[in-house]
Amino acid sequence: MLEAFWRRVFRFERRKARDGDVVLTLRRVYILPARAGMAFAVLLVLMLIGATNYTLGLGFALTFLAGACAIADMVLTVKNLAGLRLAGGRAAPVFAGDAARFEIALHNGGSAGRYAIRVRFGTDGATEHPADVPAHGSAALALALPAPERGWLRAPRIRLETRFPLGLFRAWSWWQPDLRVLVYPRPESPAQPLPVRGAASEEGHGEVGLDNFAGIRSYQPGDPLRHLAWRQIARLAPEDGGQLVTKHFEGGAVAELALDFAQLPPHLDLELRLARMTRWVLDAEQRALPYSFRLGHHHYVAALGDAHRAACLAALALHGREALP
Amino acid sequence: MMGAGPLTRDKQDTLLLVAAALLVIAPHFAHLPWWIIGTVCVTLLWRVLLTWRGRRLPSAWLLLPVALIAMGGVFRSFGTLLGRDAGVAMLALLLAFKLLEMHAKRDLYVVLFLSFFLMLTNFFYSQSMLTGLAMAATVVVLLAAQITFQYTGIVPPLGQRLRLAGRMFLLAAPLAAALFVLFPRVEGPLWGMPTDTPGPSSGISDTMAPGTMTNLALSEDVAFRARFDGAAPAQRRLYWRGVVLSHYDGRTWTRIGGRLYRRDGDAMTLRVTGKPAPYEVTLEPSARRWLFTLELTPPALDVPGERVGVTDELESFTVRPLHRRVRYRAAAYPEYAVQPALDAALTGKWLQLPPGFNPAAYELGRTLRRDAGVDDGRVIARVLAMFRKERFAYTLQPPLLGRNAVDEFLFVTRQGFCEHYAGAFVVLMRAAGIPARVVTGYQGGELNPVDRYMTVRQSDAHAWAEVWLAHRGWVRIDPTAAVAPDRVTLGLRGALPQQSPFGLAALRSDKDSWFSQLRFRFNAANNAWNQWVLDYNPERQRNFLAELTGWVVDWRALAAVPALLALAWLWRQLRARHRRDPVQTAWERFCVLLARRGVRRAPDEGPHSLACRVAALPLPDDKKAAMAEFLALYAALRYRALDDDERTRSARRLAKLLSLSR
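In the order they appear, the protein sequences are chains Z and S. To convert, note that position 272 of the first sequence is 272 in my numbering; the numbers rise steadily by one, no gaps. To convert, note that position 410 of the second sequence is 410 in my numbering; the numbers rise steadily by one, no gaps.
Excised from the complex, chain S in its bound form:
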């Protein structure tokens, strides 16, 4: 701050306010149209210049047309004045213009309150930890600006004002945290959820063609996080089931959209055995409807606020696309049998193959069937052996395939990603007369040792196959595992040859390196942020409060409350005693004592004149002597320079004399 600089206090205050407003608007620059950014910047700059030069603010006759033109511009840009984005743009412009139209103190509050609201709207676009930190800093500056305008005389330097604002912030933070946790939440939305920005959808889609998974494999975005109540299952068992693709048109696999699952359905039998592994999934918004479950989770998902459906191919989905993070609990069984007694007549749709495509593959399937006879297991083993023994390669950059994609892949290129292997495998199975389908989802996940959350990324997207075997039902076969066993045991990174420059990838895959540790910690913090700040919904609040009540009712907590109160009381007492000067206390008691004897001290009376009056009192000599000594000692303590040691001793003596004078 320019303490004695050319800027008067008024100007400094205004500049602080403009700075605070800039801090509020700046995050919006990321998504506002360029002309609004320009207008806001020019307006703020104008305000700064006017303040600097000490000019008067422009009149309403100038501002009003400008504001109207700006409103027109917003309408042109967004096609509305009411939508979310249009509203944010209007608010940003309003804040900038309001800074040019400040005449009374009331206008200051308008600016500050607008700023608070505009900060809130920024969370439509970003709610990251960084945004949270920026919010905290902006709040401190806003508070400092608001405090600044309250002074009537002395104005402390900016640093001190910021400190005061910081102190207020720290004072408010625990209360805000308590309110955040305890304030009853209402499940939003209160009115129709805004649909003006659905956002791009991401993740597993309902179709699979060569290249689909490869694109996903390059994305580091988090698909979902999972937390197991107990130990997490082994990496190779982590098959997260998503979409089942059963229809093939020669190039693209699509869903056939099975019937809705009915628990007591005729053909839908499901037997699960073994010890279940309970887990909780926090699914990132994908703008799609698919829910992912660990194989095999009996289909009974409960997603708060959403209606969930399940098909007879064991896909779980919500009725509405998911634009928000959702959380659901489930339990997976290690051993299961799905539709073990399926009527052969019903398996036709899983034997479908488009005629006129991939003749070589169809031929190979028929040959395999002929060689194996009725033994489906031999057919499967032969195909997997072919993938394993012949020179098939697992790569993220497979060559482009032509019309007969499966033929080209199997007999020419022999390089592919999981979708190539799964797709080719299912084609071969169907050609050999075994009902088969492609299952897409995620395989694996990275367990964060810090918070025990497992992160499943888009790069973990995977496709595998399911074949139906008589008496055993649908059996999962992962042909990719035959080619690249590491894909299943180590994840994508472990399976692909290292190509990253500078060995960064190597650094990342090493779980014990400091870089990994740092990354785990950051991810854990980020996850905690998501779980506790962004997704603290009514359901989570209920659970947490139930847990909290359970804890509070615990006897230790019950005992702790009075103990803490007693400690606080003791602390107060100690502090109060410490603060009171013992000499002064003794003096006051002495005066009370004298008053009882009829000697009332006049306000201007000191110990010496009191001593004269005490001498005249009709009292025993020893008492009188004690009183006289008390008064002399008090005078010495009060008005003479004594060292600390002497002072302590005298104070003790004073207390003694006081009791003698009684």
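Pulled out of the complex, with its shape left as it was, chain Z reads as follows:
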């Protein structure tokens, strides 16, 4: 309640935090007495009254010493935050509905350790992460943020707060890290079967499995590793003229796994179609089936691997919302 009052009076919260890596300069650190600090002020007044009434010279000394300690605490509390350098770290993509994890690093160039810094996102209900930054060292933390929707997710403002060392004052600062996470659509569940269309299927024989082994051929880049014909490769060492060979599957070779957004029934919800595509990308990767991908103007030829997967998922995530928020 009191905090809200101060917020209104000083508009502290409306000051814009600077983007990117920052050093928390003195001007960026705000400080106010904590509740314990206000109680301490009342105590000081009581002590002063007692010392005055009984003319206790040493009582005055103690009162002023306690007061001065509170002021020293104020300075040290600010110093606990000020001068801290903040840097964003990696942020791996996640699927919608999962929690995005933003890595941040706190660097302390000073010769005094900084303790008990509570870091959290400035959103309501965010969990606090305590951090200690040793002298001339750094601390890394990962802040989790729910990612309900696909697309880019920017890290919200981060609030750093400390009451160290005495807890009489509350110093805080805001930081807008330049961090974002790509949120992929949530994969459809339960999964639909992959839309495999072999040559045979076009003749009305239904889907053809991929397990009709039809010999080997020489390796070509892009062949899945699990299709390598290890037995044949092992027979001759490369220096003896051996070469990498890939198993060749009848039907599978001609069968093309094409993930085409346009082929999905258009009456389905857009998000559901994206979810299905996402699931298929994952399934294809898992089963090591090279797949081509087509969505809007994104068209990737059949391939496998992390880069391909990432490109496809990114296209799905950003479909219709290419721009950054």
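Misleading hints may appear alongside valid ones.
Derived coverage of chain S by chain Z (criterion: at least 3 residues anywhere in the stretch with Cβ under 8 Å from a Cβ of chain Z; other residues may be distant) [what the hints assert, rightly or not]:
(1) 106-120
(2) 126-132
(3) 137-148
(4) 154-165
(5) 535-546
Think of the hints as simulated: they come from the structure by calculation, not from any bench. By construction, the Cβ of each residue, glycine as well, lies at the ideal position given by its N, Cα and C atoms.
Fit chain S to the given chain Z structure using the hints.
For chain S alone, coordinates are given in the frame of chain Z:
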């Protein structure tokens, strides 16, 4: 601290808090009733055991009745719950019980704040330097305990936490000192001064019987301290006038309580001549009302916060008994004449003698008068000669005297202390028809060469006589000086035969011995403590601040402030330059320079890739060469191992290249 011991962090923290609380309560053990001490100890021990074993704290249903019983006990012990001592007892119990009832962080602050307040209350009972030191140490431990509870992750070892607390203390100390000096003081008390503990009264009393002074002579307590603006008067002139005793009942001298002095009073004339000696007295609390002045100080004392009265026997007193230290300034004149023209009719009260006592003494007085005729001076000289020539002794252990004390003293025992001599002298004078009275106070004082303060102790208590002589007024006669001249010139210690074992007394009386030096230094420190810490009252603050302002307005101080600021600024600049790596600075400037030419460095771009871009710039060849060399040298400085000498030279070259690249 048991780093990896069986105690978890939580337990260690709690034990530190209990230790801090114990440090706070321990000084109170000196004056708390035994059962409270016991309760507090048991409670703290209980808390320690609970923590040690990892048990849960007792429930409120157990604590509440215990606390109520304890409150009842306080009421029984003190008869109240509100008085000062009862309040302190309650606070001590509350702190101990609160340690058993800690559930949230808020409770921790309650414990800490209670501790601070309880520390303050300890100063009701003691404010010595030692208490001050103990306070400082306790504050550091309290701070360490408070800091301990603030950590959220790493907790440094106890030593480091104590160091941090010590650092805070040192950071706070100058500010606290400044606040102490400058914070506007209000003259206490704010409400009625507590009267529950008036304390025993000490020092010169309003009566004198054989033994009164002897008791005081054994006390080393300080009566007051005095400081002279100039040189202190000679030891034999240091008669500190206190109470005048004019009524004698055969055994005890008492005041007659003279009329209040009026400056323009008919009979009260006072003439002072000579160069006055200004001085300041800091009187210790005595629970009595007497103020002491050096003879002879015209009665116009001003004691801040007190109403002062003066009788026509030149006694100064305050209306209220003095329970606190007071300070007053005065000036003493070496030559004076008090009531030189007193009407003979008014001197009757100083000739009073109780009938039926000391017949031999009365007879001796009458004989002396007959022999001397009208010459009062001869009577006095005869009596002093008698004390000096006959075998009178000055001793702290005089024999007990019976009903006719003066007779027995003069003709039988002939051993006595100042009160015997002064009393007997006044009886003889009165018997001879000379108005006389006993004056009690202090004689002498020890000058501390360290701080120039003169300490007057209870052992300096003295009694002397005053006789009224026509045209001269009241004249001081010290009959003790006739018997033991050393008492007046050297003080009590010099006058009494040495009796102390191990020659300690001899050690003490030697002013140059290391022991004396040490004692002087300690006394000076103690006195400074009293003057500046305990008695820093509004009046003293005003004086000090006036002095300080005078000093600050001094041109040297005025010049010093900007000079200091300039120095501080210079220091900052130097430090900032020192901290900045010159190589890095040159690199940053170079990047700015390039940016002006349209080459913006990408965050991941190093000197080598920049060099490629620089080569493509449309620039004169010499400039390009300088830039290329700059980048190569920077890369070398940054990424190659160089020795310091080489590094300095290269850094200089780098600066040169930077200016060439412009």
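Verification of the supplied hints:
Judged by the Cβ-Cβ criterion of 8 Å, the stretch 106-120 of chain S is covered by chain Z as claimed, because 7 of its residues qualify and three suffice. Residues of the stretch 126-132 of chain S with a Cβ under 8 Å from some Cβ of chain Z number 3, which satisfies the need for three, so the listed coverage holds. Counting residues of the stretch 137-148 of chain S whose CB falls under 8 Å from any CB of chain Z gives 4; the rule of at least 3 is met. Given as covered by chain Z, the stretch 154-165 of chain S passes the check, having 3 residues with a CB less than 8 Å from a CB of that chain where 3 are the minimum.
Under the rule that three or more residues need a Cβ within less than 8 Å of chain Z, the assignment of the stretch 535-546 of chain S holds, with 3 such residues.
This entry satisfies every hint, going by the numbered hints stated previously.
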